[in-house]
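A.B. asks: Residues per chain are reported as follows:
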Amino acid sequence: MATAAPGRHTAEPPSCHTAELSAVGRMAGSGEPAMMRAEPMPARLRQGGEMADIDVEGLVKRYGDVAAVDGLSFTVERGEVFGMLGPNGAGKTTTLEIIEGLRVPDAGAVQVLGTDVLAHPETVKERIGVQLQATALPPFTKVREAVELFAALYRRARPVAEVIEEFNLGEKADAFTDKLSGGQMQRLSIALALVNDPDLVFLDEPTTGLDPQARLNIWTVIEGIRQRGKTVVLTTHYMEEAERLCDRVAVIDRGRIVALDTPPRLIAEHAPGTTIEFALVPGLDAETLRTLPGVERVVADGRVSVTTRTPEAVLHALLDPHAPWAAGVDVDGGAGGGGSGAGGGAIRDLMVRHGTLEDVFLSLTGRSLRE
Amino acid sequence: MSDLSISLRQVRAEQRGFWRNPTAAFFGFAFPIMFLLIFGTIFKGDMECLDGAFGSRGQCVGGVLVPYNTFFVPAMAAWGVITTCYVNLAMHLSIRRDAGLLKRLRGTPMPPAAMVVGVVGSALVTAVILVALTSAVGHFLYAAPWPVHWLATAVTVMLGGVVFCVLGMAITVVIPNADAAIAVINISYLPLLFISGFFFSFRNTVFNDIANVFPIYWFKEAMLTAYGAKPSSGGWDGEDLLVLLAWGAAALLVALRFFRWMPRRA
Chain A
4 MATAAPGRHT
14 AEPPSCHTAE
24 LSAVGRMAGS
34 GEPAMMRAEP
44 MPARLRQGGE
54 MADIDVEGLV
64 KRYGDVAAVD
74 GLSFTVERGE
84 VFGMLGPNGA
94 GKTTTLEIIE
104 GLRVPDAGAV
114 QVLGTDVLAH
124 PETVKERIGV
134 QLQATALPPF
144 TKVREAVELF
154 AALYRRARPV
164 AEVIEEFNLG
174 EKADAFTDKL
184 SGGQMQRLSI
194 ALALVNDPDL
204 VFLDEPTTGL
214 DPQARLNIWT
224 VIEGIRQRGK
234 TVVLTTHYME
244 EAERLCDRVA
254 VIDRGRIVAL
264 DTPPRLIAEH
274 APGTTIEFAL
284 VPGLDAETLR
294 TLPGVERVVA
304 DGRVSVTTRT
314 PEAVLHALLD
324 PHAPWAAGVD
334 VDGGAGGGGS
344 GAGGGAIRDL
354 MVRHGTLEDV
364 FLSLTGRSLR
374 E
Chain B
-19 MSDLSISLRQ
-9 VRAEQRGFWR
1 NPTAAFFGFA
11 FPIMFLLIFG
21 TIFKGDMECL
31 DGAFGSRGQC
41 VGGVLVPYNT
51 FFVPAMAAWG
61 VITTCYVNLA
71 MHLSIRRDAG
81 LLKRLRGTPM
91 PPAAMVVGVV
101 GSALVTAVIL
111 VALTSAVGHF
121 LYAAPWPVHW
131 LATAVTVMLG
141 GVVFCVLGMA
151 ITVVIPNADA
161 AIAVINISYL
171 PLLFISGFFF
181 SFRNTVFNDI
191 ANVFPIYWFK
201 EAMLTAYGAK
211 PSSGGWDGED
221 LLVLLAWGAA
231 ALLVALRFFR
241 WMPRRA
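Chains as they are written, first to last, in my numbering: chain A, 4 to 374; chain B, -19 to 246.
Hints listed in this document are in silico derivations from the structure and should not be mistaken for laboratory results. Among the hints, erroneous ones may be present.
[Unchecked claim] Just the calculated beta-carbon pair ranges, DEER-fashion:
{"id": "1", "chain 1": "A", "residue 1": "Gly67", "chain 2": "B", "residue 2": "His119", "range": "56 to 62 Å"}
{"id": "2", "chain 1": "B", "residue 1": "Thr21", "chain 2": "A", "residue 2": "Gly67", "range": "54 to 60 Å"}
{"id": "3", "chain 1": "B", "residue 1": "Phe180", "chain 2": "A", "residue 2": "Ala110", "range": "55 to 61 Å"}
{"id": "4", "chain 1": "B", "residue 1": "Gly214", "chain 2": "A", "residue 2": "Asp181", "range": "29 to 35 Å"}
{"id": "5", "chain 1": "B", "residue 1": "Phe180", "chain 2": "A", "residue 2": "Phe179", "range": "24 to 30 Å"}
{"id": "6", "chain 1": "B", "residue 1": "Met242", "chain 2": "A", "residue 2": "Asp288", "range": "46 to 52 Å"}
{"id": "7", "chain 1": "A", "residue 1": "Asp181", "chain 2": "B", "residue 2": "Ile109", "range": "24 to 30 Å"}
{"id": "8", "chain 1": "A", "residue 1": "His123", "chain 2": "B", "residue 2": "Leu113", "range": "44 to 50 Å"}
[As the list claims (entries may be wrong)] Some chain B residues near chain A, calculated using beta-carbon distances under 7 Å:
{"id": "9", "residue": "Gly(-3)"}
{"id": "10", "residue": "Arg0"}
{"id": "11", "residue": "Val105"}
{"id": "12", "residue": "Asn157"}
{"id": "13", "residue": "Ala158"}
{"id": "14", "residue": "Ile162"}
[Stated by the list, open to error] Which stretches of chain A does chain B cover? Using the computed rule of at least three CB atoms under 8 Å from a CB of chain B, they are:
{"id": "15", "region": "102 to 110"}
{"id": "16", "region": "142 to 149"}
All values derive from a computational prediction rather than experimental measurement. Don't be surprised by glycine CBs; every beta carbon is placed ideally from N, CA and C.
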C-alpha cells in the first residue's frame, strides 16, 4: 500500500519561541519554509511578538500502558479556528481537557492566554468557554435557568437574555432542557460555553450525532463566533467540518500530530491530484491498477481509491471495454452513477473527486477516519 | 459573584431540581415514613427496652423501658437524615459524575467548595423537612412526644446531616459508575441499620460490637437522647457526637484526597 510513512510528518518539538516560528514555522511537516512564506498568510494570524492564545509543548498523558497523548506540541493564534481532526480515541478530547485545566498531563507544558494552566487553572477557566462532548446539563432545569446558573459562576458574564437570543433559544427559554432537540441542546451547550464572553472557546465534537440540518446550523453558529473575533478550538472526526470551518487543522492519530496546516495546504501536500473511487471488481487488483499509466497511489479499503494527476487517462484505461475486467461495463452510468449489475467484472459505483482531508488522513496513517 | 452567593444559588438550584422531580422526592421521603407507619401500627402500645433485652417475663434487663413510639420516631427521623444526606447525596453525585455534569462544572471557575456547599446545603434543607414530617406523623398518628430537647435535636440533626453528607461524598470514591451506585450504597448501610437497632433493639454481642464501630449507631443514639427517649441532661451525650465527628473527619480526608469529578474512562 503506497502510503506515506507517518513518522516523517510527526510534529517536531519547537526549538525556540520566536513569534515567526509560532506563526507559520511550527506547522508540522513543513519541510520547505521558503515555499511557505511565498503563500499568503491567513489575515487573522497575528504577526510580531505577541503570545499565542494556546501554546502546548511536549504534552503526554498515559492511561496505564497506553499513551493517549504522546508528545503533542502546537500553538493556536488569536482569532484562529483551530481544528483537531482524528478518529475516535486519537487523543483529541484528552488533549482538549488538559488545555481546559480538567486533566493533569504526565509531562509537558500548556500556556493558555499567557497563563500556565497547570499552575493557575482558575484564572484560565474565567476566560475560556468549554463545551464538552457529552452535553451535560443539570436535570429538571429550564433553558433560561441553565444560562443563569452558568452565568452566575463567572465574575464577568453577558446578560442572560442576550445569550438566549443570540443562540436562537428565545422560544425555548422556558422549556426544560430535556425537551430540546439534539440541535437545540447543542446550541444551548455552546451558549453556556459563551456565557462569560470568553476569548477562547473549546468545542469538543460540536456536531457529532446531529442530523445534517442541525449540523449546518451549528456551523453557522461557529462561524458567528469566529466573526466576533474569538479563538476557537474544535475537535471533529468529520473532515467536511474541518475543511469548512478551520483555518488550520492538526491531524491527530494515536496521540500524535501527524500533520498540521491549513486544509488546502494539507490536501495539496498529502492528497494532491484527483481521486477515482470504485468498488473492487474481480480481475482488477491493486497491483494491476498500479501499472496503469498516471496512477500514483492505490488504496484498497473495501472500495478502491486511485490517486492520479491525469484522471482522464486513468479513467480511459479503467473504462476500456477491451480490458480484461471490463465484461459488462456500463459506460453510460458515468461518474457517480455506474453499476449496471450486468454480470461480474464491471466497474461499479464510480466516483471522481478532488482530495479531501479524509485522503490526507488515509495517506498519513493508512487508515480511514471512521474506522 | 462571591463564593457565598454562588453557594446559595447552588442550594436553590439543587432544591428546585429536587422538588421538580416529585417521584424521586416522594421515594426519597417514602422509606422512613412508610416504616414509621408500618412498625408504628404493628407495635402500637408496645414497650421497647433500650440498651437492654427483654427477660423471660417481659422485664427490661440492663436497659431503659420506653413506649415503642417514643423510641421509633427519633430512630426513623435519624434514618431520614441518613437517607437524604448519605444515600441521596451519593446517588446524586454518582449520577452527575457519570453524566459529565461534574466535569462540566469543573470547566468553570466555580470553586469546588461552592459546588459541595450547594449539594450539602440542599440535602440539609431536605433532611430538616423530613425530620419535621417524621416527628409530626409520629406525634399526631401515634401520640409520640415531640422532641424534648429542641436545641440538642437541631444541633444533632445538623451535625449528623453534615457528617452523613461527607460520608456520602466519600462513598462515591468506591462507586465505579451510576448503575452500581445504589447497590454499593445500600450494602454499605442497610445491614448496619438493622444491627444498630433502628427498628427494635436487641442484645447480641457480635452484632452490637460491629454496630458500635459505625456512625449510624451513634447517630441514632444521639437522636434518641436529643428526643428525650433516653435519659440525659439537656439532650446531650458528648460521646455520640464525638464519634460522629471523628467519622466525619475521616470521611472528609478520604473525599478530599480521592473524590473524582470525571466519569471513569470507558
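A.B. asks: Against the earlier hints, flag every one the structure doesn't satisfy and list their numbers going up.
C.D. replies: Hints 4, 5, 11, 12, 13, 14 contradicted; others consistent.
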